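Chemist: In case you want the letters, here they are:
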Amino acid sequence: MPLRTEQLMLNMGPQHPSTHGVLRLVVTLDGENIVEVQPDIGYLHSSVEKMMEYRTYLMNVALVDRGMDYIAALANEEGYLLAVERLGGIDVPARARWLRTIMLEFQRLSSHLVWLGTWGIDLGATTVFLYCFREREVILDLFEQVTGGRLHHVYFRPGGVYEDLPPGWTDRALAFCDEFPGHLQEYHDLLTGNPIFLARTQGVGVLPKDAAITMGACGPVARASGINFDVRKAFPYEAYGEVEFDIPTFEQGDCFARYLVRMEEMRQSLRIIRQAIEKLPPGEIRSKVQVTVKLPKGEVYARTESPRGDLGVYLVSSGDDMPYRVKIRAPSFSNLYALTEMMRGWKVADVIAILGSVDIVLSDVDR
Amino acid sequence: MSTQPPQPPVPSRLASIAAAIDILDQLPGGNLILTKVEYLLNWGRAASLWPLTFGLACCAIEMMAAFAGRFDLDRIGVIPRATPRQADLMIVAGRCTIKMAPIVRRLWEQMPEPKYVISMGSCATCGGPFYYDNYSILKGIDQVVPVDVYVPGCPPRPEALIEGILKLQEKIKVEPFLRRTVAAQA
Amino acid sequence: MSWGLVEELQRRFPEIEPFPRPEESHAEGHGPAAPARGHGETKFTHHVPGAWVPAASLLEVCRVVRDEAPFHLDYCSFVSAVDWMADGTFEVVYHLYSMTERHQMLLKVRVPRQSPRTPSVTGIWGGTNWHERETYDLFGIVFEGHPDLRRIMMTEDWHGHPLRKDYVYEEPRWLVDLATQRQREIEGLGLGERA
Ligand code: SF4
Chain X
58 MPLRTEQLML NMGPQHPSTH GVLRLVVTLD GENIVEVQPD IGYLHSSVEK MMEYRTYLMN
118 VALVDRGMDY IAALANEEGY LLAVERLGGI DVPARARWLR TIMLEFQRLS SHLVWLGTWG
178 IDLGATTVFL YCFREREVIL DLFEQVTGGR LHHVYFRPGG VYEDLPPGWT DRALAFCDEF
238 PGHLQEYHDL LTGNPIFLAR TQGVGVLPKD AAITMGACGP VARASGINFD VRKAFPYEAY
298 GEVEFDIPTF EQGDCFARYL VRMEEMRQSL RIIRQAIEKL PPGEIRSKVQ VTVKLPKGEV
358 YARTESPRGD LGVYLVSSGD DMPYRVKIRA PSFSNLYALT EMMRGWKVAD VIAILGSVDI
418 VLSDVDR
Chain W
4 MSTQPPQPPV PSRLASIAAA IDILDQLPGG NLILTKVEYL LNWGRAASLW PLTFGLACCA
64 IEMMAAFAGR FDLDRIGVIP RATPRQADLM IVAGRCTIKM APIVRRLWEQ MPEPKYVISM
124 GSCATCGGPF YYDNYSILKG IDQVVPVDVY VPGCPPRPEA LIEGILKLQE KIKVEPFLRR
184 TVAAQA
Chain S
8 MSWGLVEELQ RRFPEIEPFP RPEESHAEGH GPAAPARGHG ETKFTHHVPG AWVPAASLLE
68 VCRVVRDEAP FHLDYCSFVS AVDWMADGTF EVVYHLYSMT ERHQMLLKVR VPRQSPRTPS
128 VTGIWGGTNW HERETYDLFG IVFEGHPDLR RIMMTEDWHG HPLRKDYVYE EPRWLVDLAT
188 QRQREIEGLG LGERA
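Protein chains in written order, with the working numbering: chain X, 58 to 424; chain W, 4 to 189; chain S, 8 to 202.
Careful, some of the hints might be misleading.
[Stated by the list, open to error] Result set (DSS-like, lysine-lysine): computed pairs, CA atoms no more than 25 Å apart in a straight line:
id : chain 1 : residue 1 : chain 2 : residue 2
1  : X       : Lys354    : S       : Lys115
2  : W       : Lys118    : W       : Lys142
3  : W       : Lys142    : W       : Lys176
4  : W       : Lys118    : W       : Lys176
5  : W       : Lys39     : W       : Lys142
6  : S       : Lys172    : X       : Lys336
7  : X       : Lys351    : S       : Lys50
8  : S       : Lys172    : X       : Lys290
9  : S       : Lys50     : S       : Lys115
10 : S       : Lys50     : S       : Lys172
11 : S       : Lys172    : X       : Lys351
12 : W       : Lys174    : W       : Lys39
13 : S       : Lys50     : W       : Lys142
14 : W       : Lys176    : W       : Lys39
15 : W       : Lys39     : W       : Lys170
16 : X       : Lys290    : X       : Lys266
17 : W       : Lys170    : W       : Lys142
18 : X       : Lys290    : X       : Lys354
[Claimed, not checked] These stretches of chain X come out as covered by chain W in the derived footprint (C-beta under 8 Å, 3 or more residues):
id : segment
19 : 89 to 102
20 : 115 to 128
21 : 180 to 193
22 : 271 to 278
Hints in this document: simulated from the structure, not taken from any laboratory. Please read all numbers here as calculations on a predicted model, not as lab measurements. The beta-carbon is built from N, C-alpha and C at its ideal position, and this holds for glycine as well.
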């Protein structure tokens with residue numbers, strides 16, 4: 058007679074130190090094994106899509122910073138403004154495009170550092186957190202010198218960027234690019250060869266390739282499952298068509314592969330930044346756009362690669378100075394749904410490791 | 004001409020320390036510290052505030068930065084705890100939705116007395132950028148829990164959060180803590 | 008190239024209605040920015056190729072565009088809706104993308120505002136499960152055949168569907184009560200006292 062035990066419902070969150078915000082996971086357990094995971098979201102639903110219908114196109118830039126993925130605020134601005142500029146046919150000067158590329162890549166670096174640090178804490182490696190935030194502060198200083206803000210920048214504007222670089226900034230940025238590979242090596246030394254880390258991540262939380270496509274996974278999660286897709290390559294925007302970089306792809310689809318993808322992406326970001334600073338053309342940084350710009354009637358869907366994946370903005374304009382409808386296709390939302398697939402069959406102790414490896418931001422999930 | 008008796012000057016913290024050192028010097032041997040029990044307790048409480056790690060939104064990232072290397076809140080005895088039962092300070096960092104509000108309230112009720120609340124960021128204070136045209140954000144966390152210190156900013160820099168904690172420490176140090184507890188038990 | 012795809016789809020399903028093409032040749036939704044156009048123009052420009060599909064044949068169209076050449080649209084980016092209140096309709100929007108062929112297409116379904124119902128495509132793209140729940144929550148569109156159609160963003164007892172254009176916000180009762188009680192608690196307390 059097989060031994061049958063009663064299933065146990067375990068509630069994690071919404072206040073839990075490892076859920077990275079206000080996520081509630083209802084885990085159904087059979088002994089130690091996970092039968093099913095039901096994420097319960099909406100604890101940070103900030104009604105951004107509604108608010109954007111009542112604000113002008115310029116005011117919305119400040120809103121997408123805060124209402125969406127707040128760890129990578131500039132990536133949100135880019136996604137939104139790309140839609141606005143495509144719909145309105147607004148030109149962006151060459152220098153502004155390159156400046157945006159530099160800033161976006163720095164944003165990717167800082168976002169991945171937050172992910173690595175917090176995941177480190179989840180797995181019991183507090184040192185990594187302190188190291189990552191040390192480097193992140195340097196990036197935030199670089200941001201602050203250009204945009205004036207640490208977290209929320211409101212730096213990109215319709216038709217360009219707000220300010221040019223301050224004198225000496227490129228030297229400081231290049232100095233950072235020179236020293237950062239050493240820090241990356243430090244993280245590798247701390248984690249990649251660490252047997253505890255390997256035991257908790259290698260082969261854990263596997264997401265097969267076809268499941269990743271049906272579940273709508275995107276970004277580093279999809280690339281770790283063998284999907285060679287990056288919006289920066291597939292639909293180049295800003296200056297991404299003119300720089301060289303590789304898309305790291307792994308076949309395993311486990312937590313460790315997701316970790317390796319992001320570590321490699323950081324190295325590629327440095328490569329892009331170096332090329333962009335070298336090629337930065339002189340000239341205008343902003344084309345003339347009215348403050349209350351009116352966009353022609355129509356709809357557009359613009360895709361960008363935010364640090365979390367394929368960020369899409371579907372914008373409908375009714376010819377007014379405010380959008381008629383904005384739908385934000387958030388990468389974390391899709392990735393979090395793929396989590397239900399990843400977790401099935403693993404042990405309860407793996408929940409934290411798998412959840413951390415997906416890199417969700419709850420504000421991006423709920424909007 | 005005023006009929007009121009002159010008020011004694013309120014001793015500042017430095018002055019009271021100086022007075023304590025004075026007394027010490029006059030005592031033979033000088034190894035005895037005399038102070039109010041209440042002052043001692045308050046000093047102890049103020050110097051070891053343990054907040055609940057409770058990030059809601061963007062401000063939580065700045066709170067994390069404040070706990071990390073450069074700003075290092077450990078210096079002033081602030082060590083994050085993961086459970087409300089070990090915490091005596093709740094830093095509400097970020098916007099709170101109506102769906103989340105009952106949970107914030109319950110966490111606050113689970114914390115042991117005496118407990119304090121810092122509202123970090125304009126969202127927690129009053130709704131901030133999410134005040135108008137919004138259907139899901141609570142317009143100020145003080146609708147559900149009492150707040151001791153409001154830290155403005157969107158997001159407040161880590162320095163601002165540290166300033167808020169220092170302000171809270173000042174408040175704790177002058178609290179009639181013992182007298183209130185005794186009165187409550189009587 | 009993707010516009011040709013829509014024509015191909017129309018050849019198989021005559022009942023669908025393709026979007027009118029934009030006049031500019033390169034307004035495909037990606038690529039360099041389109042040139043500035045004069046204001047006062049009243050035509051609605053669709054920058055992404057796609058078509059309106061009747062709700063009755065949605066499932067079949069979806070199955071064909073996922074499985075058959077030359078479509079192979081195996082990835083559903085999002086499902087959402089637009090509220091055209093003046094016309095009395097909702098438009099349910101599906102954005103599809105092909106990971107192998109690298110092309111994209113929009114499908115739209117018009118549903119009446121009075122009784123918004125449309126078939127669920129969760130059986131075709133599993134990832135649309137939450138997207139449909141979100142659309143149900145915020146617009147009140149019922150997806151027939153959805154395995155688990157509950158509210159996802161708002162609480163279960165929420166009134167109304169917030170992203171509709173005629174939505175009126177109403178503070179939940181318990182919150183008003185709690186806030187009033189908090190008001191009463193702090194009344195009459197002087198400064199410096201703990202509220
Ligand atoms: S105050 Fe600003 S930074 Fe803080 S949670 Fe609100 S929007 Fe985010």
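Chemist: Next, verify each hint and record whether it holds.
Modeler: The hints, checked one at a time:
no.: 1; hint: X:Lys354 x S:Lys115; result: holds (17 Å)
no.: 2; hint: W:Lys118 x W:Lys142; result: holds (22 Å)
no.: 3; hint: W:Lys142 x W:Lys176; result: violated (31 Å)
no.: 4; hint: W:Lys118 x W:Lys176; result: holds (14 Å)
no.: 5; hint: W:Lys39 x W:Lys142; result: violated (41 Å)
no.: 6; hint: S:Lys172 x X:Lys336; result: violated (47 Å)
no.: 7; hint: X:Lys351 x S:Lys50; result: holds (14 Å)
no.: 8; hint: S:Lys172 x X:Lys290; result: violated (37 Å)
no.: 9; hint: S:Lys50 x S:Lys115; result: holds (18 Å)
no.: 10; hint: S:Lys50 x S:Lys172; result: holds (22 Å)
no.: 11; hint: S:Lys172 x X:Lys351; result: holds (20 Å)
no.: 12; hint: W:Lys174 x W:Lys39; result: holds (17 Å)
no.: 13; hint: S:Lys50 x W:Lys142; result: violated (40 Å)
no.: 14; hint: W:Lys176 x W:Lys39; result: holds (12 Å)
no.: 15; hint: W:Lys39 x W:Lys170; result: holds (22 Å)
no.: 16; hint: X:Lys290 x X:Lys266; result: holds (20 Å)
no.: 17; hint: W:Lys170 x W:Lys142; result: holds (24 Å)
no.: 18; hint: X:Lys290 x X:Lys354; result: violated (29 Å)
no.: 19; hint: 89 to 102; result: holds (count 4)
no.: 20; hint: 115 to 128; result: holds (count 6)
no.: 21; hint: 180 to 193; result: holds (count 5)
no.: 22; hint: 271 to 278; result: violated (count 0)
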